Every structure is written in C-alpha cells, then in structure tokens.
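Peer 1: Listed here are the chains, written in short residue letters.
2 protein chains.
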Amino acid sequence: MAKEKDEKGITVKKEADMPEWYGQVVVKSQLADYSPIKGCMVIRPRGYAIWQKITDKLNFLIQSKGVQNAYFPLFIPESFFKKEAEHAKGFSPEVAWIAGKEEGERLAIRPTSETIIYDSYSKWIRSWRDLPLKMNQWCNIVRWEVSDVKLFLRSREFLWQEGHCVYATEKECEDEALGYLDDYRKVSEELLAVPVLLGQKTEKEKFAGAKKTFTIEGFMPDGKALQMGTSHNLGQGFAKAFGINYTDNEEKSQLPWQNSWGISTRMIGAVVMTHSDDKGIVLPPLLAENKLVIIPIIFEESKDKVLAECKSLAKKLKEFSPILDDRDEYTSGWKYNQYELIGVPLRVELGPKDLEKKQVVVVRRDTGKKEFVPQTDLSHRITEILSTMQKEMLESARKRLKEATLEVADWKGFLKVINNRKLVLATFCGEENCEEEIKTKTGGATSRCIPLSWLGQSESQKQKDLAGKKCVHCGSNAKVNCYFAKNY
Amino acid sequence: MAKEKDEKGITVKKEADMPEWYGQVVVKSQLADYSPIKGCMVIRPRGYAIWQKITDKLNFLIQSKGVQNAYFPLFIPESFFKKEAEHAKGFSPEVAWIAGKEEGERLAIRPTSETIIYDSYSKWIRSWRDLPLKMNQWCNIVRWEVSDVKLFLRSREFLWQEGHCVYATEKECEDEALGYLDDYRKVSEELLAVPVLLGQKTEKEKFAGAKKTFTIEGFMPDGKALQMGTSHNLGQGFAKAFGINYTDNEEKSQLPWQNSWGISTRMIGAVVMTHSDDKGIVLPPLLAENKLVIIPIIFEESKDKVLAECKSLAKKLKEFSPILDDRDEYTSGWKYNQYELIGVPLRVELGPKDLEKKQVVVVRRDTGKKEFVPQTDLSHRITEILSTMQKEMLESARKRLKEATLEVADWKGFLKVINNRKLVLATFCGEENCEEEIKTKTGGATSRCIPLSWLGQSESQKQKDLAGKKCVHCGSNAKVNCYFAKNY
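So the sequence lines, in the order shown, correspond to chains A and B. Quick note: the first sequence, position 302, residue 302 per this note's numbering, numbers continuous. Quick note: the second sequence, position 93, residue 1093 per this note's numbering, numbers continuous.
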C-alpha cells in the first residue's frame, strides 16, 4: 500500500456505465493492467493472489478425487487439430500459429489441449488397469479472437486449468464430469461468493467435439450472463480420432470415454463485477490476503499512545494478516478511500476515545456497517464478522440472481425481459436454427443452459412438465426448459 | 502404481552410457515423456510433483523477502527486444515468432521477460516510494535453440520462474541479487540434496544485457557442469532503454537499478542425474510424495494376519503418505523393482516372522541398507531414517563434488583434468578471446564461474593471492580464480 499513486478513485458510477466502471476498478485497484500487445493483459500481484486462492481451493478438491497435475507442450501440430473434425472447425478461427519453425507442418499455440494430451494418452493407456486416468494442467491459453481486451473477461491470452480424464464406462465419465462441475460451483459460491446456475449447454452452444457440455453460469449486475466454467462429456470421439484403446479384463479391445473441464482467470472478473461498488473492489473475506487494515486516528496529544496501541493490536490480530497504516503523511480519510479501493474486508479504527473505552471501531467494506467492539473480545468478534460477511455476500448476490430471473410464457414476454437486461427461463424447442433466430432478433441473447435441476427429473415428470407447451420463439413443441440472456 | 506397464527396468548402466541411462530412467519412472513436437517434453505427474515442491519452497523463501507473484504476457513486440542492444543480440537466434497476427510488428514468444515486464514497470514506477519493487512470475518459456531434447535439461519449452526487482541503489540491487542466489542454493542443497558452487560468470558467459551474472553450478556424475540457476545485476541499462525513472526524495529524476533471476525445470534433471542409479530414480525424502511403500511378504498360511497388520501399519504411518501394495498378482520381487524404479525413499517389508517378532524391515532406497525396526518405535525411527537419508545424500554428493574438483597450475594439468571429466579450478586472465580458445582447444570446456568465496576476499588478499600468477592458458597476468568444465 505504500505504492498507491492514483488518488482519484473511480470516476464513473457502476450503474451508469458498467464497462467503463469495470475497467477503472480493475486497473485502479491494481488487480490487472493493459498490455502493449493488443488483446493481452498483465495480471498484477493483487489479481494473481486471487488466482492463487482459486487454484489452491480447486487443487484441493480435485486432488481428493485422484486427479494429478501434469504439464503438456504449448505447441500443437496442425494435423492433430484435424483429427477431430468438429473440434478443428470450432477452434480454427482462433488459433495463433508459429512462424515457419517446423518443416512440413504448422504449429499452433494451444487454444485448448485435448489433442496434444490425447496423443500422449494413446501411448500411456493399454489396459483396464490404466483406467480411470485423471490429469489436470494449469497453464496459459491463447485464443486470437478479440483485439478489444476486457481485463480477466476476454483476452487473447489467459490462465486456466484443464482437466482431462479417461474412463471405462460412460456413466462414470458423465458422473465425474458433473462432479467437477460441482467443484466449480463450490469454488464460485464458497470462495468467490458468486452464485451460479448449473446446466447443460444446447447443441448450438456445446464445446466443439463434445457429446454434452455442462456449465456454471453467473449473471452480472449489468444484465449479462457470464460462462464461468465448463465440463464436457467428450464421448468417444477423441478416443477414436487419437487411437486411445484399452484391453478390458476379457482381453477385448475397447474405446474409453473421456471428459475435459476448465475454469480460468475469468473467475476474477466475475467476483469484481458481482460485488464491487463505486468506491472500488469488494472482496469476500476468504479471497483477501489481508483481512483487515488498522488505521490510527491521530491527534497530536494522544498520538504516541494511540500508535502504541495500534501496534499492539496488529500483533494480537496477526492471524488476519493485518495491514497497519500508521503513515503520517496521509489523512485518515485518504487512507479509508485507498483501502476501500483495493477491497480490504474490514477497517479497524482506533482513536483516543476508543483507547479510553478499550474498544475499536470495525467497519465492513461491503455494507459500510460500523460496530464498536471491546478489545477483550476482538479476535473472536472479527472472526464472526468475517464469516458473516462471506455468507451475506453470497446471500445478497443470490437474492439479486433470483430477482433477475423471470419465467416467461410467450415471445412478447421474452423480448421484454431481455430488453430489461434480465435472465429468461422459458420452454424451448432446442433447435439450432431457432436459437440462431432468437439471437438475431434480440441483438445477442443466447441460450445459457438447460437447468440440471430440470434435467434431473424423471422422464415422465419432464413430459408432464412440457405437456402442451410450445417453444417460446418458434411455437413448435417444447423439448426443454432453458435459460436465455445476453452474455459476455 | 497400479499403472506400471514397462516391466523391463533400465537396460543400461549409468556409468556405461549416461545419456542413454538418463533418458531411460526419466521415461520409465514416468517423470517425463517425449512429445510429438521436436524439442518439447511432457512433464508427467511424478515429475510435476517435484516441480511443485520446488515452487513451494522457493515461493516461501522469496515471499518472506517481500516478492509478489504476478503474470505478464507470453508475447513480446519485436521493437521491445531491440531497445536493449546486447539483450537483443543474445536472444535473437532463439526466438520463435507468431505468424502474421499483428500489423507492422512481429510478436515473439517470450524467451525471457525482461522487456515486456520493464515496459509495465516504466508505467508503474514514479517515485522513491515505489521502490523497491519486487515481482516474480511462474511461467513457460520458449527458446528455439535445440531440436534434440534432453528431458528437463534442454528443451524448446520449459517451465521456470523469473524474478524482476527494481531498487534505488546498486548496493541494494546487488546484495539482493546475491540473496536470491542463496535462496537457489537452499532449494538445491536443502531440498534436492544437490550441492552447488556459487560464483560470478565471466564477461563471456554473462546474461545478455546484464552488468554481472551470478550462478549456482552443479557438477554431474558424467563430468559435466550444469548451470542450475542465475541471478543478474542488470545495472541501469534496461531502465535507460525502457524509460524507468523515479523521483527521489529531493524531487530529482533518477535511474533505478535492476536485478532478475531464474530457475527452471532443469533442476529436476539435476536431482535425477546426481542421485539416481541403475535401478531407477533415487529421491531425497523431502522431494518424495510417498515417503515409503509397505510390502507384505505373503505366505498362504499367514496371509490374512500379515495383510491385516500391513493395513494397520499404513494407518499408523499415514503422516508419511505410505503406499500399501497388497496386490496379489505381483510377486514381492517385482514390487521391489517397481518402487526402486520410481524412487520411493523407504521400503517397509512385513512377513510372518516379522509379525512374530513385532518388527518390520526398513530398506533405504539410496544405500539399500536394511534395518529391523520394532513396531513400537516405528514412526519415530522412520522420521530419523528419512532425515538421515536426506542429510547423507547431500553429504555424499558433496564428497563427490569435492573429489572431482582439482586445482591446476598449468595448461598441461588443465587438459588432463578436463579429459578426465573433472572440474578445474585455475587462475585466469578473464579475457573473452582466451576463453574462446580454451573452449576450442578442449572441445567444449567453458568457464563455469569465479567462486564467490574468492571474490568476497579483500582486494589486498586477492592481489596477494594472484601475485606472480599467470593465466592457466595464455600466460598473461592472472585476474581471477575460475572454475572450468564441459557443460550441459
């Protein structure tokens, strides 16, 4: 914090101009910065620390399921892409190529690593004893689609993890694909306090080369959905294309089933958009490096005593990695603004009156709520406040998501909700053409997902639910319930 | 361990053909594998787990010095390279370029990140309050120099960390450059049990763009030195080239001083070469995920009792993350070979006799030494054995390094030692031409470093030490003491 230079704060309101507000809040709080390379970003230490917390939590979750981390090459031979036709078609516009280094064949920079990883799997997998095979890599990814970078949300290079597992049966493959999706939900809700919808993508929106794509979808305050993580049941297409076979326990050769799944630094964008405000970043306590900042309220006559007490407080509260800002050259007000900008969850103020009363003032970053806390009870009460704050941030985001979600029965209602920047739940025929028309007519609304809660019902229940219902757009028989929204 | 397929083990002796042995031991123990892209490697989970331990230890060391992790773009505009002339010259043959994506300017894939990082620093640094600035990134690096990959040791893509710090004074800059070098020594010696020489590179061997380069050098059993980490005092050249200025506390504009420092996945190659043997990998206990494997010695009549006891042992010893291999379909001998191949530090055997005597047999992977340990004392004794093993592995490697290092006084002696594949310590004039001739005449011997212990003496002591001494090769007055060897 000795290094703040931008003292201006955020100059636009979140409600007035969210894209401009977002760019300012990310840059001025030093989470990330623009780069001289069009479409790329620099992740600064405060942003990287959030990514580190996400990786730690996800590593813990997937390692307890037997997933091991590994690292595969950045480069992918062009011929590998072409082996799975849908996959090649889906990714080819986004691929960056290396200039003339390999004879005869171009090398791509990975836009995703299915092909290069499955080439290795075809060497490593021989028998049923080798299954399931569960690996993950943390790496950088390049997709040359955009020149207009949106920090964390859309850039030509980003960081992510990609899990790649191989199974003997489709049931195990799909069950686990859903299990990793639920790990993503945990990361998003329990750590980032960002509520998500779990669902399956439509045929049009699924991953290039997948049989089914599952997704967690967030909904941002500007009325756009954000795809925050996906998990694919890849079926047997890649196994076939890459010659991954195993001998079962009756010595017969079999094709295995595969899934792949990924989340990225985009998660950081979701947490910023969901919680932050006109003053700056609001971080859920679990994401913050420093849970609190101690600010002495200085008057000349009591200065020494107050500073001494603040130092002693910093020691007592060291489990919360406190910042003690006892710099003379800045006013308390200036300091308040700076720590609100960077999103330290709690501010602890201590002045001469508090010294007398053996108390401190604790202020929550998210609500601004003040509380006088006796010094005897401080550590215990701070733990409680942090835990309440984490919980309430998720609850209030959940409430907003719920309020933003509207079930509509007809096309007129659909248009109205989309124009109001809300999330539609509607019955849908599931056809790609129909979905394309919806997108054109609404200026960008796409299907987000078919809710897992709806898909998980019995077939008869689903039939009953859809009986007599028509697609919200084309009027043919409805096949599914589906969320629609504009999106990032 | 359910997944071993290669039952053949290593088919050549380490002494007979070290390059072939090395390739086999790395691949068969599943640390890494070759890739379909020439010059690249796949880091498999067992290798990646070692890298994770290295990153954890180094993160701990540098974070306690105030270094923060960040992430900068993979791409570097061509014009950035050209800003620092020496740097551009040094790296240009190794650079891979992106094919036609940016108008007007080519984009390189980072072979090192000084230029792209210092462009950001020039925006971020304004006043003395911003210094020191200490950042590090963990990332992948591409240097297109070799097509003949040596797993972990030399490949077109590898993983590394690069630290980049900015200071107000040269003294602080160089002191800290040496401090990070000492952190590398700690990682190498305390974790990998690989002893290193600390020194400064000659003018000829220093980093392109640096004022001084410091290095840790390992010496491998095949008589080649291995540069394991470097730390550079960059002087003010990059600051000048990239316009990094700060206002000092008298409001004057100043050029700061910079250092940069890196270690890579090459460290894993060093640990394999130093300790492993004809049976496979030998890992220092601190590097091993599973510190021990429990193998029941099965006879039909006592099978149930022995298996029950082994299961109970596995629970009692869970602090060591034990593997319990109670598979029926493999013999004990086969299992011994497999766990020796992958380098589990301790093997714990338990058979009917041990059951009677309430003991187990503990076998050290590095020495093969067997010990009967009473079950009552087991956890305590295993802790001791692991700690002794870690210590003795470093000591015995240190002994070999010492024995391989020979001080020579003349050129004849120099040639003899180099031809015997040892490490030379000799007086040297320090001239680039002379060093070039040494390399040509010896078929590849290069200066490794000027020992820090020697450099750290007083000037008068150094003068005294060199008085009357000549360069071991050209016979002109000696300027330094210097190590020479062939190298990786």
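Source of the hints: derived by calculation from the structure; they are not laboratory data. For clarity, every value in this text was computed on a predicted model and none was experimentally measured. Take these hints with a grain of salt, some might be off.
To be verified - Estimated spans, in silico, between C-beta atoms of each pair:
hint, chain 1, residue 1, chain 2, residue 2, range
1, B, E1319, A, K123, 31 to 37 Å
2, B, Q1063, A, S460, 39 to 45 Å
3, B, Q1236, A, E203, 55 to 61 Å
Ideal Cβ positions, reconstructed from N, Cα and C, are used throughout, including at glycine.
Peer 1: List in ascending order the numbers of the hints, as given earlier, that are violated by the structure.
Peer 2: 2
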